[in-house]
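**Student:** Sequence lines, in order, name chains A and B. Just so we're on the same page, my numbering is the position in the first sequence counted from 1, plus 41. Just so we're on the same page, my numbering is the position in the second sequence counted from 1, plus 157.
Among the hints, erroneous ones may be present.
Unchecked claim - Quick list of in silico lysine-lysine cross-link-like pairs, BS3-like style, CA-CA up to 27 Å:
| no. | chain 1 | residue 1 | chain 2 | residue 2 |
| --- | --- | --- | --- | --- |
| 1 | B | K228 | B | K208 |
| 2 | A | K83 | A | K120 |
| 3 | B | K219 | B | K184 |
| 4 | B | K201 | A | K83 |
| 5 | A | K120 | A | K86 |
| 6 | B | K201 | B | K184 |
| 7 | B | K184 | A | K120 |
| 8 | B | K201 | A | K86 |
| 9 | B | K208 | A | K86 |
| 10 | B | K184 | B | K228 |
| 11 | B | K219 | B | K201 |
| 12 | B | K208 | B | K219 |
| 13 | B | K228 | B | K201 |
| 14 | A | K120 | B | K219 |
Simulated from the structure, these hints should not be mistaken for laboratory data. These figures come from a predicted structure and were not determined experimentally.
Each chain, written out:
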Amino acid sequence: RKEVEQDPGPFNVPEGATVAFNCTYSNSASQSFFWYRQDCRKEPKLLMSVYSSGNEDGRFTAQLNRASQYISLLIRDSKLSDSATYLCVDRGAPSGGSYIPTFGRGTSLIVHP
Amino acid sequence: NAGVMQNPRHLVRRRGQEARLRCSPMKGHSHVYWYRQLPEEGLKFMVYLQKENIIDESGMPKERFSAEFPKEGPSILRIQQVVRGDSAAYFCASSRVSSTHQGTGELFFGEGSRLTVL
Numbered sequence: 042r043k044e045v046e047q048d049p050g051p052f053n054v055p056e057g058a059t060v061a062f063n064c065t066y067s068n069s070a071s072q073s074f075f076w077y078r079q080d081c082r083k084e085p086k087l088l089m090s091v092y093s094s095g096n097e098d099g100r101f102t103a104q105l106n107r108a109s110q111y112i113s114l115l116i117r118d119s120k121l122s123d124s125a126t127y128l129c130v131d132r133g134a135p136s137g138g139s140y141i142p143t144f145g146r147g148t149s150l151i152v153h154p
Numbered sequence: 158n159a160g161v162m163q164n165p166r167h168l169v170r171r172r173g174q175e176a177r178l179r180c181s182p183m184k185g186h187s188h189v190y191w192y193r194q195l196p197e198e199g200l201k202f203m204v205y206l207q208k209e210n211i212i213d214e215s216g217m218p219k220e221r222f223s224a225e226f227p228k229e230g231p232s233i234l235r236i237q238q239v240v241r242g243d244s245a246a247y248f249c250a251s252s253r254v255s256s257t258h259q260g261t262g263e264l265f266f267g268e269g270s271r272l273t274v275l
């Protein structure tokens, strides 16, 4: 199965800092990507989709670089509540008529006062 | 608007027993995915089902594990003769879209079932 690679971290940053995570994917045919957030011992929740043109949602910006096959997530003005594990997800390309989303292992972010 | 419902939330089994995990997708969703997350690990795909059909089970161990999604009722992940290595969080996710349907294919996750094998 195709892979999604992330730096596990942890990234330890002060409140107000800007932090960026990268994620690489191996399936060159993949079209759709996501960033999910997972708090300790909780279920993953969608943070944002990643579009070819990039997208921004408040303090969060996601970018896709197809040539280099990586996705990035930028968090500005970090809050204590941003502390979590951020999962990069490759929706994949249809195989036999179905998509199988592949998750990276996640990047841990710790925001401290 | 109930989300994805999983039960039990916590399950303790002794080696050799059976574990049954249930998942009811969100209303209007007909696609169910099961993922396993070992401690300090990422989510690993196990199986993808639609109503009455297993679409892809390439991530599921060939022995002891089975899954179903009947016409009526929840999807069930069944683990027979559990071993300590089966201890993990099992997450179910549902999706509205299929491969032929336009959309982002976002997965909505249940809170997970945490299996502990003694």
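**Student:** Hints first: check each against the structure and report whether it holds.
**Tutor:** Status of each hint after checking the structure:
1. B:K228 / B:K208: Distance ~6 Å between K228 (chain B) and K208 (chain B) Cα, so the pair holds.
2. A:K83 / A:K120: Between K83 (chain A) and K120 (chain A) the Cα gap is close to 19 Å, so the pair holds against 27 Å.
3. B:K219 / B:K184: Roughly 31 Å separates the two Cα atoms, so the pair is violated.
4. B:K201 / A:K83: holds (16 Å)
5. A:K120 / A:K86: holds (18 Å)
6. B:K201 / B:K184: holds (25 Å)
7. B:K184 / A:K120: Violated. K184 (chain B) to K120 (chain A) sits at ~34 Å, over the 27 Å cutoff.
8. B:K201 / A:K86: Cα-Cα ~16 Å, so holds.
9. B:K208 / A:K86: holds (24 Å)
10. B:K184 / B:K228: The hint holds at about 14 Å.
11. B:K219 / B:K201: Holds: K219 (chain B) and K201 (chain B) sit about 15 Å apart, inside 27 Å.
12. B:K208 / B:K219: holds (21 Å)
13. B:K228 / B:K201: Holds, at about 26 Å.
14. A:K120 / B:K219: violated (44 Å)
When each numbered hint is compared with the structure, violations occur for hints 3, 7 and 14.
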